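Undergrad: Spelled out, the chains give:
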Amino acid sequence: MNQAHPAPILEVDDLRIAFASPDGIVRAVDGVSWQLFPGEMLGIVGESGCGKSVTAMSVLRLLPGPPAMYASGAIRFRGENLLDATEARMRELRGNAISMIFQDPMTSLNPVLTIGEQIAEVLMLHQGLGRRAAWTRAAEMLDLVGIPDPQRRVCEYPHQFSGGMRQRAMIALALACSPAVLIADEPTTALDVTIQAQIMDLLDRLRREMGTAIVLITHDLGVVAESCDRVVVMYAGNKVEEAAVDELFARPTHPYTRGLLGAMPDLDTPVEAGRRRLAEIPGMVPSLKQAAVGCRFAPRCAYAEAGCHRTVPALAPLAVGHAVACLRAIDILEGAPA
Amino acid sequence: MNYLIKRILAVIPVLAVVAVIVFLLLHLSPGDPAVIIAGDTASAADIEHIRHTLGLDRPLPEQFAGWLGQVLQGNLGVSVFTGLPVAEMIAQRVEPTLWVSALTMLFAVVFALPMGILAAWKAGTWVDRLISGLAVAAFSLPVFVIGYGLVYGFSTTLGWFPVQGFKSLSEGFVPFIRHLALPVVSGGLIYMALLARMTRSTMLEVLGEDYIRTARAKGLSSRRLLLRHALKNAAVPIVTTIGLGIAMLLSGVIVTESVFAIPGIGRLTVDSILRRDYPVIQGIVLVTAAAYVAINLVTDLLYGLFDPRIRY
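Protein chains in written order, with the working numbering: chain A, 1 to 338; chain B, 1001 to 1312.
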């Protein structure tokens, strides 16, 4: 947060989500907080199983009922705690004020309904449009997301669309009601690299045109660097670092963030100059069945000291808008060796 | 359109094979057909007469050509027992069978679909276990056990329904439906159970799909989610099961008609087999097979209606 912001539109406050599994409770999200401000794009980054998708799904309360438990915390949309909202209230918000796009466009659209029906449906439901008006608007939305010949395409079925086109159609569907918040859960992961860039450009353009704030969930720091304003890095159900994008890439502090950056290919160095081998983070994501006794990352961390295994690090501010949960943050910034 | 023509054309070879098999039915049975038809007490002259009237003394291909020519004109031959045209005998018996079959399937579908959808939606709860338990029970009981049980309870003891028989719709709706109620329920329970379980498992699979999550993220109500987004995707296996059910019903109705003494095709089949009335048996098999093919065709065409990916 480099400039003064108005009130956050979406606020996740000390969210804890635990799932009951046959061999114990899994703490998928273990006390995570972040804020989303109007019109910005917030990246949530982490590897598989870090709790980023669970956080996203819980905002719309799309997690299954009995096995998912909201142990504590709050998700506030314009000040209203969604964890306390009734199912009817959630239905009003879903697809209208808050909408979502998913990872796999090949399976996320209903194969037996036309694209037009699927888009018109939300417009009729939330905006009270008549059938004809909703279809006209559906075609306009397809045009907006860059699908050629929208009048004809609106009557087609998902199987007649390519993967990239389907993700565009998903975006058209999600943005049809001009939501205040869009949650994009790995929207480009299942797509070709060239298509990925097009989809990210589209999301970036639409958020500027429509003023929709976007939560971008991804494991791809490259995508984050291109489009996000701020980043939250998650590891094993915890937020380990948060910063503005430029700050994070200039001064990555948490060893896990540094590890993620080290695992990114560096395309600027010419091959002749001897490109380095991609770094990897050793070890595996820990089991989330036990409560944390020390830093969750300590077993994989090159900087870990004895204290790291005993004390759970609290999130501490490092600079304006830059916070890190690491006992050795200052040492690392001062250039301590790994 | 292309799909429609393709499916209809595909029916022709199937019907041709059916015709050959039905024709050979008489010749595949052991012994001389004329002797079998004539029975134990017939004289040599009688047998010779039967052989000649049935054309059995002519070469097989010639017999087949002649028979097929007659069949295509709607002439299924003459019963050796009653001397009446087979087509006429079948036509007289068709009404009760059609009603029993249609109402049995209607009963099964009307109850099974909501049960299956509800069980899938409430999967793992007591509602699901109750419905699944009832389905297993209904599936395990043979038609004649359920039939006689219902007759004992509702006819003999309570006197709400007649014990057996059939009344045509032209004799009034109330007597018509009172005579059909018990046969339809006892015959339909097994299909209801089959279809309910099929609907449950198919719906359960569909409800786990990504596009259902998308539909929920759109803010749709559970009703719209189930009936519009899930059911249409589950339709193909469900329609297949209904089609198979109707096909199975063609033989199942024989038992129902016997238990409730309904003068339909099923009874005619049993009687004709006992009388070794080959022309009638041939006629029934042919008509049944044609009905079976027609049901399959309709099922195939319905696939295209429910799933756009099938309209190639």
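No lab work stands behind these hints, which were simulated from the structure alone. Please note that a few of the clues may not be correct.
To be verified - Partial selection, computed: residues in chain B whose CB lies under 8 Å from chain A: (1) R1051; (2) K1232; (3) D1307.
Only a predicted model underlies this, so the values are computations on that prediction, with no experimental measurement involved. From the three backbone atoms N, C-alpha and C, an ideal C-beta is built for every residue, glycine too.
Undergrad: Against this structure, judge whether each hint is valid.
TA: Status of each hint after checking the structure:
Checking R1051 of chain B against chain A: minimum C-beta separation of about 59 Å lies over 8 Å; hint violated. Nearest Cβ of chain A to the Cβ of K1232 of chain B: about 5 Å, under the 8 Å cut. The hint holds. Restraint check, D1307 of chain B versus chain A: the minimum CB separation of about 6 Å is within 8 Å; hint holds.
Of the numbered hints given earlier, the model fails hint 1 alone.
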